[in-house]
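Those protein sequences? They're chains G and D, same order as listed.
Using our numbering, the first residue of the first sequence is number 1333, and each one after it goes up by one.
Using our numbering, the first residue of the second sequence is number 749, and each one after it goes up by one.
Since the hints were made in silico from the structure, they are not lab data.
Please note: incorrect hints may appear among the correct ones.
Said to hold, decoys possible - Example chain D residues on the side facing chain G (calculated, C-beta under 8 Å, incomplete):
(1) Asn-836
(2) Pro-1207
(3) Ile-1343
(4) Ala-1383
By construction, the Cβ of each residue, glycine as well, lies at the ideal position given by its N, Cα and C atoms.
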Amino acid sequence: MRISTQQIYSQSVFNMQQSQVKLAELNEQIATGKRIQSPSDDPVGAAQIVALNEELAQLEKYESNIGYAQNSLDLEETVIEDINIAMDKMSELAVQAGNTTLSDNDRQSIANELRELTEYVAGLMNTQTASGEYIFAGSQGHTQPFVQDGSGQYQYQGDDGQREIQVGASYLMPMGDAGADVFMAVSGELEVSLLGSDTSHLTVSVEDQDAADALFNSSGDLNLSITQDGGGNYSYSLLDSAGNPLGDPALSNIAFTPPETLEHEGVSLTLNPTGPVDTTLRAETPQHSILDVALELADALEQPVTDGESQQAVSDAVAKALTDIDSAQEQLLATTTHIGARGGALEKQLDSNLELQLITKTTLSSIEDTDLTTAITELQLEQTLLEASQVVFGQVTGMSLFDYIR
Amino acid sequence: MSNLLNIGSQSLQSNTYALSVTGQNIANVNTAGYSRQTVEFSSHAALGGSYTSLERVTSNYLTQQVWADQSVYSKADSYASKMEVLDNLLAADGTNLSDALDSYFSALQNAVDDPTSSPNRELLLAELEALGNSFQQMDRLLEDQQNLIDSQLESSADQVNQLAANIAYLNGAIQQAEAQGNPDAALLDQRDELVGELAEYLDLQVVEQGSSGYSLYLDNGQPLVVGTTAGSLSTTFDSSDLTHTALQLNFGGQQSAVHDDSIGGLIGGLLAYRSDLDGAQNEVDLMALTFIDSMNQQQLAGMDLNSEMGSALFNDINSSSLMNGRLTPTLDNTTSLSKGWVEITDPSALTGAEYELEITGSDSFTLVDQSSGQSLKSSAMNQVSSLDQLTDGSYYADWNSGELVVAVDGMQIHLEASSVLAQGDSFSIDPTHDAAASMELALIDGSQLALASPIRVSPASDNQGTLQASATVTDPTSSTFTTTEKALSPPLEVVFSNSEPPTYSVYDTSDPDNPVPLVVDGSPLTDQLYSSGEAIALNGFSITLTGEASPGDRISFSYNENGVSDNRNALAFSAMQSEDLMHGESWQSAYASLIEQVGTDTKNAQLQSTASLSVLQSSEQAKASLVGVNLDEEAAKLVQYQQAYQASAQLISTSQTLFETLLDAV
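The following block holds chain G by itself, in its conformation from the complex (with noise of 0.2 Å):
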């Protein structure tokens, strides 16, 4: 075996490179704090630290969407507190509406103050956020909710549209309720229409509210319809919205000659006819803002009371005022009690948010960042290594024949 004096230079120095290279590698480690400089130092963990990261943007993001919840639901759960305490106020203003000893004017005064009470209400209602929206408009944001319209009533002009947050990989939160939910609460008399190509001939009233709604509620919408023979009789049918007949006897092909009054279950029918008919009974409940119930208890009020009879309808506007603000505060107490079990929910997520992202972080660190501990020995060895075969090739090379020649 022999060797050359190139080879001697050449592969101490090819060896002191490769040292130097491991070194600057495991200062870039160190310094960086990054174990992986380029997905080739680990492709699967390269891999990973891009999924994990996608995991803790959306974490992070969640979290802030919680607190974007949270902001939400605690201005909606003060604008309804304070309604409450207004409706709390129109409730006391009732109560004393319904002494009999007051004047006229002290009437008058009450209904004054239950005006202003109803402004404060609606201008809670159509509370807006920072940003211009409104809170209790359902999906129409930019729409004022309740406006009053020409007959002096409150109309809702939102819709039933309820906001999702994202707050969890697969758990959307409702954040706000429609104005329609909260303040509609209080329902009116049940009202029956027709639907079909030609009513005209037909009439309805409801003449019993309990009947009617226990008939509309297990009936669904009726059908009732009217045909005529070849000699110009007529009959009618009266059905369910199974298309089953009412009734016992049952409502079906009753001859009958016009004009027919029918009554059934609290729901009185004229029939007319010019022809035959065929017509759909629909069934509504209008619901009313307790707006509508304050306007309309300062309406009576401010009827001045002359005899026992005024003094009656005094009494019973204050009566049906008072069941309605119940039925209302009813109504705010379950959005209230909703919000808070929503803000729980919140506070849960949060909580498990907080532990997922620690969870991620931690592995995130443990495939990403450097082990101290084992970089700083790996480069101590590395020096180690480095400097011997610096003082081996001073050795060696220092070493030559020539020296001994003379």
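Given the coordinates of chain G, work out where chain D should sit on it, guided by the hints.
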């Protein structure tokens, strides 16, 4: 026996020569490619004294081994060092597309939280633009790499040509020197050194052919240097992919294509890298294409802040310039196409592969998937008689007029020629061509972002059951459900009966006082059996009812005019982050796979580079230990020859003394 004086002077000359050879060795201790020389002494019986001859220490076998190992190492090294660039590019902080997507989806969440906020919308739009820029930037960086490969191929070809010419020249010079009986070791060393340099660029077979010197052949037998004739490499367009530079070999007036897989060396490494780069580019393009299309479709299915239906977010993936760019006729085709384009019909079905369509007969073709190598013959596909019957895996052809449409893997390939399509013609198809580069935002105003659903769902306030409903647009492209502006056509109402189990009917409430049953596909939707959670297909959209229904419960559906606070479509945008919209993966997991793939390839390339370097080093060591100069050895020889010289001089001196002694005696 010759006299002492003659022997002495002969010996003196021999040793002087030996000393000069030693000097030559010492002088060339650092010369690259220098083979040490030794002096052989021989005695001459008749004339007496010693005679010398010069030996160039070399081993043909070891030299060839070094050349072969050099090619292998150069290929591995150039491939690895290039892959490292791609590797860093994909995952680096500024260019990582997954980070860009994270940033976009995060901005989207702000808009989900508050869709009425103009700043949120503008921010989202800005993020979308930034995302488009990230894709374009990635595309440019990858394209720069392609250009770099092209220019390196060109400069490598120049180097190869120069080296080949020099080797051919040296072949001649060496031949001449030998013919004159004056062989020159330096020329041999030089030629070996040049062959070594050439082996860095490509894989060579070196054959020593007697007096005509070295003949060099490429790995597949194509000649590069024969005797004093040198061939040359030149660059040209790749006939099947005009965006790529290909190499061709010119030898003796003949031109032949050089195939990627046979070339080896640094050039082979470049070409190997190019195929990885193509794969990465296709993946990035596919990601851009599926992203653009999904966003556009979702945007079309939504309603903007002005209660208008959304318009496309990005430029259409099927614009005519993009469709035309996806198809390239091969250079040597005989048919001239009047039109040829590729339309993407289902981006999620795209595989990211490129294809080659070859006309194999008067009424047949073969489609080859370039990445899997699988070929699909027309005989295995279903031929349909009109264009609107085309589904994936079928084709329409009017062979006589030269029209062919092939539907496969989520795309339709259209060929229209003025006459019949010639047999043997082929077309290369790159379905994702330019997708990332074309990622331009088409919206300019944040209010145009369609974050709301166009369909308002309103349950009646006096419903008794727990009924809830949702609506999904199923036909965003033609939006048949809103033929009149800002109106559902027609507005609908679902009404439940008191049947057991519950049934529902869907009414058209265009006239609210006279609802009429809605007719879908020819049958009225009356008395339908209710099943909670089942989607009910309507006119261009579907509704899903859940919960318990009571008799008379109603839900109406209308156009969501003024629904500015609605974020249902924004939630659908957001859900795409985890949907499998790109060959069965989500975008970011596909990107992670790409990073992993490139990372693994790079790591393997690095390992291979290190391994082939040690192989090269060990064969270089073997050669160097035989032919390299060792100074201590030369020092010893110096002493050895010097002493022999002194002794020879002593011979002359002795001879003189003897002569003088003789004279004195006379």
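Double-check Ile-1343 (chain D) for me: the hint is only fine if its C-beta lies closer than 8 Å to a C-beta in chain G. Holds: closest Cβ of chain G sits about 5 Å from Ile-1343 (chain D), inside 8 Å.
Against chain G, is Ala-1383 (chain D) within 8 Å by beta-carbon distance? 4 Å, holds
Restraint: Pro-1207 (chain D) near chain G, CB-CB cut 8 Å. Satisfied or not? 6 Å, holds
Hint validation: Asn-836 (chain D) versus chain G, beta carbon distance must be below 8 Å. Holds or violated? 5 Å, holds
The structure agrees with every numbered hint stated previously.
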